[in-house]
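Start from chain A and add chain B according to the hints.
Listed here are the chains, written in short residue letters.
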Amino acid sequence: MNWLRAHGNALRLAFKRLTSAPLNTLLAILGIGIALALPAGGHLALTHVAALAQGATATPQLTVFLTLDAERKAAQAIETRLKERKEVARTEFLAREDTLARMKAAEGLADVIAALPKNPFPDAIVAIPADDNPAAIEQLAAEARTWPQVEQVQIDADWARRLHALIRLARVGVLLLASLLGVGLVTITFNTIRLQALTRQAEIEVSQLLGATDAFIRRPFHWYGALLGLLGGIAAWLIVAAAALWLAAPVAELAQLYGLTLALAPPGPADSAALLGAATLLGWLGAALSVYQHLRGR
Amino acid sequence: MIRFDRTAKRYPPDIVALADISVDIAAGELVTVVGHSGAGKSTLLKLIPAIERPTAGAVLVHGQNVAALGRAALPFLRRNIGLVFQDQKLLFDRDALANVLLPLEIAGFPHKEAQRRAAAALDKVGLLARARALPIALSGGEQQRLAIARAVVHRPALLLADEPTAYLDADTAHDVAGIFLEFHRVGVAVIVATYDDSLFPGARRLKLDHGRLA
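Chains A and B, in that order, are what the protein sequence lines are. Heads up: the first sequence at position 27 corresponds to 27 in my numbering, and the numbers run straight through without jumps. Heads up: the second sequence at position 129 corresponds to 1129 in my numbering, and the numbers run straight through without jumps.
These aren't lab readings, by the way, just hints derived from the structure by calculation. From the three backbone atoms N, C-alpha and C, an ideal C-beta is built for every residue, glycine too. A hint or two may mislead.
[As the list claims (entries may be wrong)] Taking lysine-lysine and the PhoX-like style, the derived pairs with C-alpha atoms no more than 25 Å apart in a straight line are:
no.: 1; chain 1: A; residue 1: 118; chain 2: A; residue 2: 73
no.: 2; chain 1: A; residue 1: 16; chain 2: B; residue 2: 1112
no.: 3; chain 1: B; residue 1: 1112; chain 2: B; residue 2: 1124
no.: 4; chain 1: A; residue 1: 83; chain 2: A; residue 2: 73
no.: 5; chain 1: A; residue 1: 73; chain 2: A; residue 2: 86
no.: 6; chain 1: B; residue 1: 1089; chain 2: A; residue 2: 16
[To be verified] A short, non-exhaustive set of chain A residues, derived as facing chain B with CB atoms under 8 Å:
no.: 7; residue: 5
no.: 8; residue: 212
no.: 9; residue: 216
no.: 10; residue: 244
Chain A with its partners taken away, still in its complex shape (with noise of 0.2 Å):
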């Protein structure tokens, strides 16, 4: 009971300590705000493409090109034999005359084609792979190379596994980020605590001849640490959901031109949560090592 009632004393002097100087507070807030809304819109964005690429990646395909005089008969039996992978989800032939025929349709080849002395396309099995993961795709690509009949195995996984090492990379730069202004938030913190400090000097040195311990001084102190960082992820979730909003039509309109969906909302429960948590935290941790060095110092 002692204790909740010290907590709820220090809590009550840490509010009135930080709306003494509202100006100084609200510069404090918006300057973590804005240092943890970096890599707080960073994950969003990052999260938004990464579900962009796990639905993208679905449609990476194999094409398998045969010789080109192999048979109707070993294309049937190549088909059959991709099909029964279960690492391919569906397949399609294409038979050479198909594709000259398409190729003749098309604008400005048809000339070149007709003048071929024969069909120059070979038969070709597309396969659509069950599974997104580049590296199944890639021994599957290796393994048809070598089956008979077949002249040449393409694959266009490549852009998805490039897609998937950009998201890594850029998860890599985001925590970087967040890292590094995490650190800034408790310098922030840090530095605000100390003058907080250094201007209640009196007060820290009164309480301590009327038999303050060391956990009394502190206390608001944590408070006032813990609730300027809250704060200051309460602006930072408010500026990342208002450049959500405000970037959700023309990015829905931008991803819609290359033929996808994408639509950039505000960051869900889980994420809140965890920038409103880590931010408390942080701006405990800087207020903790700043009161620390002040009172050890004396």
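Same frame as chain A, now just chain B:
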């Protein structure tokens, strides 16, 4: 209650504030510490709540050598002592009531009980009507009385005062000294460093001369 046992205090490089002080002070006793400026009166008082540590000898409070107390134990020693400083050490951003409440908040008193005690302490020193006044709005004598109220609000068995009447006019000094005498009458041990011990009739007199008991 308090024993100075061959206590000495030096400040660097080689300033002797106190030398070879041995004296016992009993519970409920009224003691004045007198001497010229720089005689060591304030230092002697500061050794009791371990604001200063002796460089030799011991200071025992209730049998405990306060010179050997660690940082964590100090607050609990000081909570049993009422301190009145020469410069009062009031918090000027808090009103009189909040100043008096501070020792009770530190000791963890429930809010209502703390309010009741603080009001009683202010009443005792005649400042209840000024409870919501900031210290800056109080006269020198009122500020000193406020400092006394803060020192006694948690009902300590020992009250230390360093020149509590130093900057007061004769009438106000007399009033303030009267408050200390009242606390002594109800059993509180009072040790006052003062330039004028005639304000504290009946007190045992400790005279310091260049850091030594004369």
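Violated constraints from the hint list, given by number and in increasing order: 10
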